[in-house]
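> For reference, the chains in residue letters:
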Amino acid sequence: MIKLRDITKVYPMGKRELTVLRGISVDIEKGELVAIMGPSGSGKSTMLNLIGCLDKPTSGNYYLEGKEVSRLNGRELAGIRANKIGFVFQTFNLLPRLSALANVELGMRYAGGVDRAKALEALERVGLADRANHRPTEMSGGEMQRVAIARALVKNPPLILADEPTGNLDSRSGAEIISILTSLHAEQGITLLMITHDANIAHHCQRIIHLMDGQVEREEQV
Amino acid sequence: MKKWLEPMSTAWVGVATHKLRSFLTILGIVIGVAAVISLMSIGRGAQEDILSRIETLGSNLITISPGSFTFRGVGGAAGGAQTLTIEDAEAIAEQVPYISAVAPSYSSNLQVVAGGENMNSQVTGVTPEYMSVNNLEIASGSFFTEFEYQRGARIVVIGSEIKETLFGDADPVGQQIRMGGIIVRVIGVLESKGQMFGSPDDAIFIPLTAMQQAVAQPRTAQGERVVSSISLTVSDEKQADYVVAEITTLLRARHQLGPLDEDDFNIRSMEELAQTVTEATGTMTLLLGAIAAISLLVGGIGVMNIMLVSVLERTREIGIRKALGARERDIWIQFLIEAAFLTFAGGIIGVIAGWVVSYIVSSTGLVSTVVSADIVIMAVSVSVGIGLFFGFYPAWNASRLNPIEALRFE
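Residue numbers (this note's numbering), protein chains in the order written: chain A, 1 to 222; chain D, 223 to 632.
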């Protein structure tokens, strides 16, 4: 599914350069549930952004479903984000002025068109069918993250990327989110890649990739 | 269709969520469009006013007046020369085609006395054709007949202003007036045509034959009787230019002008006058519109300002949309449509406001106004164009945002 080969990422910081990733090579199989751990500044988010086609590597190769995507242009990358990848963010990133339903529909907007029935189905899948017309401002953190998950899965992407999905939630809501994500993985065979600080959550996954200073420190099978 | 419908609804949500700001944004456009509509409608209204007044004088009317006479290179006042004669008028009537009637006239300022009233007025000796040629209408009494003209009857038809001055509210028909050396009887009063150039309201018309008894009509060196002007009507308005050319040729020959001499007469057709007026008022209307268009431009800059703020404020939204797979083009179109949508709404509101303003202006009775469809269509499409033009840069800015940085934006 995902094959990273010697990926580096260097950001220009004024006159100096900041090397965030120093040669990462990782393989993730289709249907795997993988956690990425590491201290702040170890390059977790940068790696996830690269996998999510939000950014391009400075050097190295990235094959997604066998296709080299690290040299594609912005338009082609947007197409991959639209059709292949669902994002779940730590800060939810819902549009505050839209209803839960409209936020979920937004997930389909750039992936072939809006289908209200499917959006309702996705909300039902995360247990929020009765909250479809509520705005994010009227919801708890856990509910907002469930809307975000519905938005990510509504277009049936093969890959979902979650950047600390429980980072802003209390432990009970966090546990709910993790159980929704793991059941999505178990029932629909979605490949799921999740950054987390929480070792307990990481141990719900099949594999843990530990990053340190922009390199893979070790991989751990659970 | 769907491709355009979705950005439309997105734009609507964007506008509707910031109602006050959206309204303030388009206020500049509203005022600009309203100014264009109302000023242009006043310009058009004034133009139609003048044209309709010309119409009442008769659009097929051609007037010939004597030219300025030149004596050893020194020019005199226009109309000062005594070059036109009754014989000229007769020759025109006989020789130039497409003419329905010819009316020569001779004017002179005379002291006019009726009862206790006394005034100095221009008295015009005319033929019976004069009334139809100049579109005169009788309010009471009648105009003189061919028979009365032939026997030089001492009768006059007076304008409404003259009637006011000499007789007040009394009926002047049958009353006597003394003018020059003769006494005449009033047989008719003319309908008022309002204050304008060439108005017959302050004129006194007398048969040309009777005029010759009141004042000595000058004669040219050839012994022809001089007139002040010749008016005539063409039977076919399309032939007006041809008739003017024919008369010019005829009069030049009759006045024995050499090829290098200038015309010693002026020919003016109403058609030509109407054209001149249309051009002049058209220029004025355009000028008014141009001034109003400047406020439209200022409004456009306001739209650009707000759109830039809006893009900055919605950086995170743009980041989210990009993460969800929006291409640069999707973002660009979204903001462009939003800007065009705003200015379109501004244009529509402006048209309504301008319409109301021009309605109020015309109901005061000072100027009539004409709101024409072409100006409305132009104003609305120009405001949409302004939205597209001034929305282009903010929308392009939005589309170029880096999604990772946009998502991090607080």
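In case anyone wonders, no lab produced these hints; they're calculated from the structure. Even glycine gets a Cβ: it sits at the ideal position worked out from N, Cα and C. Just so you know, not all the hints are guaranteed correct.
Some, not all, of what chain A presents toward chain D, calculated at C-beta under 8 Å [what the hints assert, rightly or not]:
#1 11
#2 14
#3 22
#4 55
#5 63
#6 64
#7 75
#8 81
#9 83
#10 90
#11 107
#12 109
#13 132
Quick list of simulated restraints, FRET-style, between CB atoms [said to hold, decoys possible]:
#14 187/A x 520/D: 58 to 66 Å
#15 58/A x 513/D: 52 to 60 Å
#16 245/D x 187/A: 47 to 55 Å
#17 200/A x 630/D: 26 to 34 Å
#18 73/A x 600/D: 13 to 21 Å
#19 73/A x 502/D: 55 to 63 Å
> For residue 245/D and residue 187/A, compare the CB-CB distance with the range 47 to 55 Å and indicate the outcome.
49 Å, holds
> Assuming the hint says 55 to 63 Å, is it satisfied by the Cβ distance from residue 73/A to residue 502/D or not?
This hint holds: roughly 59 Å between Cβ atoms.
> Would the hint on residue 63/A stand, with a C-beta cut-off of 8 Å toward chain D?
20 Å, violated
> Can you tell me whether the CB distance of residue 58/A to residue 513/D sits inside 52 to 60 Å?
57 Å, holds
> Holds or violated: residue 55/A as interface residue toward chain D, Cβ cutoff 8 Å?
With a closest approach of 6 Å, the residue 55/A hint holds.
> Just to be careful: measuring from the Cβ of residue 81/A to every Cβ in chain D, is the smallest value less than 8 Å?
Residue 81/A check passes; min Cβ-Cβ to chain D is 4 Å, inside 8 Å.
> Taking the closest Cβ pair, is residue 22/A under 8 Å from chain D?
19 Å, violated
> Confirm or reject the claim that residue 73/A and residue 600/D have a C-beta distance inside 13 to 21 Å.
41 Å, violated
> Quick check on residue 14/A please, does its C-beta sit within 8 Å of some C-beta on chain D?
16 Å, violated
> Regarding residue 200/A and residue 630/D, is the given constraint of 26 to 34 Å on their beta-carbon distance met?
27 Å, holds
> Against chain D, is residue 83/A within 8 Å by beta-carbon distance?
7 Å, holds
> With chain D as the partner, please determine if residue 107/A meets the hint condition of a C-beta pair closer than 8 Å.
With a minimum Cβ separation of about 6 Å from chain D (threshold 8 Å), the hint on residue 107/A holds.
Hint check: violations occur at hints 1, 2, 3, 5, 6, 10, 13, 18; the rest are consistent with the structure.
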